[in-house]
Amino acid sequence: MTWGVLQFPGSCDERDALFACERAGDGARLIWHESRDLDGVDGIVVPGGFSYGDYLRAGAIARFSPAMEAVAEAAAGGAPVLGICNGFQVLCEAGLLPGALLRNAELRFRCHQVDLIEVGSEERLSIPAKHGEGRYYAPEAMLDEMETNGQIAYRYAEGHNSNGSVRDIAGVTNDRGNVLGLMPHPEHAVDPLTGSTDGLRVFERMSRVAA
Amino acid sequence: MTVGTPKYRELGLTDSEYELIVEKLGREPNDVELAMFSLLWSEHCAYKHSRKLLGRLPTEGERVVMGPGENAGAVDVGNGYAVAFKVESHNHPSAVEPFQGAATGVGGILRDVFAIGARPIAILDSLRFGELDSVRSRHLLDGAVRGIGHYGNSIGVANVGGEIYFEAPYEHNCLVNAMCIGFAKTSDMVRAAAAGPGNAVVLFGASTGRDGIGGASVLASAELGEGDDAKRPTVQIGDPFEEAKVLECCLELLAKGLLVSLQDLGAAGLTSSAGEMASAGGVGIDIDVAEVPLREADMEPFEIMVSESQERMLAVVEPERVAEVRAICEKWQTGSAEIGQVTESGLVRILRGGEVVGEMPVEALVDGCPLYDLDPVEPEGWIYGNRTTLAEGVAPEEELLALLSSPNIASKRWAFEQYDSLVGSRTVRRPEQADAAVLQLPEAGNAIAVSIDGNGRRVACDPYAGTIEAVLECAQNLACVGAEPLGLTNCLNFGNPEKPTGAWQLDRAVSGLADACNALGVPVVGGNVSLYNEGPEGPIYPTPVVALVGELPDPAQVAGSGFARAGDAIGLVGPFAPVLAGSELAKQRGQLEMGLPQPDIAAVAAACNVVREAVRAGKLSSAHDVSDGGLACAIAESAIAGGIGCETNVEHLRERGAQPEQALFGEGTGGFLVSGDRANLEELGAVLIGSVGGENIAIGAGDRSLSVSLADAERAWRSLAVKAEGDGA
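Note that the protein sequences, when read in sequence, are chains Y and U. Under this note's numbering, the residues of the first sequence are numbered 1 to 211, in order. Under this note's numbering, the residues of the second sequence are numbered 1001 to 1729, in order.
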């Protein structure tokens, strides 16, 4: 499959995401934020970084970009959409995913390796996290509904929830399961030389959505 | 401002310098010209007290692509690629406002690197503060770390390493040195020299405001006649989002071959970038301040010329390409304006609309500042005082734990976890995983390693030997990951060079730097000098921060610093002969005084070769240089990093004149602590001192033998966060 990786002014991890898609055996190309045309790609990665400087609120400006309008249409059509870190924040702001990301409980940016548990398979993944606003929050009733619908995709393993996310949630999907957002960075875990390759599992999961 | 004091003195020029300016112009300078001269003839821009000394440094080498004089130095890493790097200080702004001071320090060094067409791939930082029991120091540390993180994280450049020391002489004058490493196709790189009379001068990036007007605010208050009420803010405010756009914009402009030359706007703003571009190109330049996009409409010409507003670049562009250049700026949502042109006049001319408001020969403005000889006098003794925090005669276990929990030795995880160390997918060794940061360069087919170091306390004890030790420590750090040095950059942070002791420290340190670089065959490809770092209680420790960039062929063959396997033998390599002089233990005991042993550079270089080749051949499980806190701390660090204990004995160091206490905690250059198969260690001539295994760190040292649990050692070593955040102050 071929991924389109959105590029906003202020994106940081878009090249890493391109590299990760290729490592996962897929094709990938950048899509400029002003483009309403997704160029025929099969899935979308909304990458990490600080889109539009994250001014106002993380992801609050990027959600209005022309490319995000096209992403919303593609998501409605069932295409896989993966939001990583800032991308997760953008997808929440855009209403494509439930909940919101708040400032870390310790009020500091933190970059470190964390362990995640994939809900369902219970597989343990070692993936880096790096963010200052990654504390997942949603109202209790909404969380209960998400649990029922199987929308909790990843939880932090015991002792790894350093940002204070509610119910240890690291990643969630939409109701249909084709839109996934997570705070840790699978695109930084695709090369044994730089740490681990567990991030490939996340890309493979999203490729299965497309299939 | 004192009534009757001439403006030029308020701006930092001496009487004789002012007379020289009048002579070169053939008349008195007007306010615009005076402001511009005062900045370009400052120590910061003209290096007037250091340039003569810097001539001692070797700058040539077959791998040098760009040397001193460009925005950053660069070395060839093969396959048509180069690595650019530079370190620069932002000490005084950080002492006033640590968050913005440190943030804009990072912003400035990034611009230096992408100004030559290299994409920034890594940041390192070297920080110095007063002791952490001071509220001021905790405030400065917290602000500087947040500022570095804010800028680097937001722009998406990995922060891969650095160092922090806490010493009382930095209490009122902290040091914030930031380093950037860039990567480029050598053929895409660009120089800063303006060329081609008739070409357009284009300013792009952020608009120009009154921030960072600095010393020139004297002119503003003089004109307004309201004294101090009119002081302008002198600390610049950074906007990493703007810089992220400017960075991508610059790289696109250069990749498309649209620029003749490029220069960033740093200290002294337009004045310095326009002047230096013209000087380097042997041309003249006209700047029309009426064309500069402003944040405040009523800015005076001198304010526009000296503003240090961040995130701005100056380019020389062929006239027919200006429209295309400005379209790319628009794509990246950053401003641009054609503000002048390159001329044949040999003059820097400042216009406002049609009116000439300043006109100076480039030669006088940029290269006309007199260079001074120093008047060095060796001080008669230790000038920095002593404070006792650890009594003599306590149990050796207590000494080890006191040293491991010293903020100078303790893990800096609290700080470096606030930085993104991963973006870019090049980071093969993250902070604390090895002695040097390692970045893979798949495009060039190899990797680079980087280390930055400078123990000011030891340089204060002996500026010559201490500076050599700093270079050797970097070389040892590179050897531990299998890298060979390619080039060195440095930032010389010193006190007042016009005082005899400050002059002596600077003079001896530069000689040490020159001798170390010559002996190692490493060229100095760039550097920065920060003088007048003094507080009310005296000068800072003389602090030459040196950074080495090296090359390694295979990033898969990199040793870590932590013990890796139970049963491995532990060995000591190199001419390590520890003494307590200048050590962390001597500091804690309040026993600091002048004097260090003179390092044997050739012997250390030979040991580096041995370790480097062993790492490259995959023969070592771990390699760690012996540094602060001596061999006992090095052993503890390798054990903690590996999560496994060890049984060792260091008594053989008696043969090198070290009594048990010196063997444990004495410091000195040239020691490597390695682990691996016993046969491999014997083959490289290591002195075998023990084996890996168990839950304790046990070190035999005669009547000072010690054993602490791995857990207790790790708790002490990880105690910085609590001290850094204090009681919430």
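Please note that the accuracy of each hint is not assured.
If you want a taste of the chain U side facing chain Y, the calculated C-beta under 7 Å gives, among others [stated by the list, open to error]:
(1) 1244
(2) 1245
(3) 1417
(4) 1418
(5) 1420
(6) 1423
(7) 1597
Bear in mind the hints are in silico, worked out from the structure with no lab data behind them. By construction, the Cβ of each residue, glycine as well, lies at the ideal position given by its N, Cα and C atoms.
We went through each hint and held it up to the structure:
For residue 1244(U), the suggested interface contact is upheld, since its CB lies about 5 Å from the closest CB of chain Y, less than 7 Å. Interface hint at residue 1245(U): satisfied, since its Cβ lies 5 Å from the closest Cβ of chain Y, which is below the 7 Å cut-off. Given hint, residue 1417(U) at the interface with chain Y, holds; its Cβ is 5 Å from that chain's nearest Cβ, closer than 7 Å. Checking residue 1418(U) against chain Y by beta carbon gives a least distance of about 5 Å; that is within 7 Å, so the hint holds.
Annotation: interface hint on residue 1420(U) holds; nearest CB of chain Y at approximately 5 Å, less than 7 Å. The interface hint given for residue 1423(U) is met, as the beta carbon of that residue sits about 5 Å from the closest beta carbon of chain Y, less than 7 Å. Given the 7 Å rule on beta carbons, the hint for residue 1597(U) is violated: about 40 Å separates it from the nearest Cβ of chain Y.
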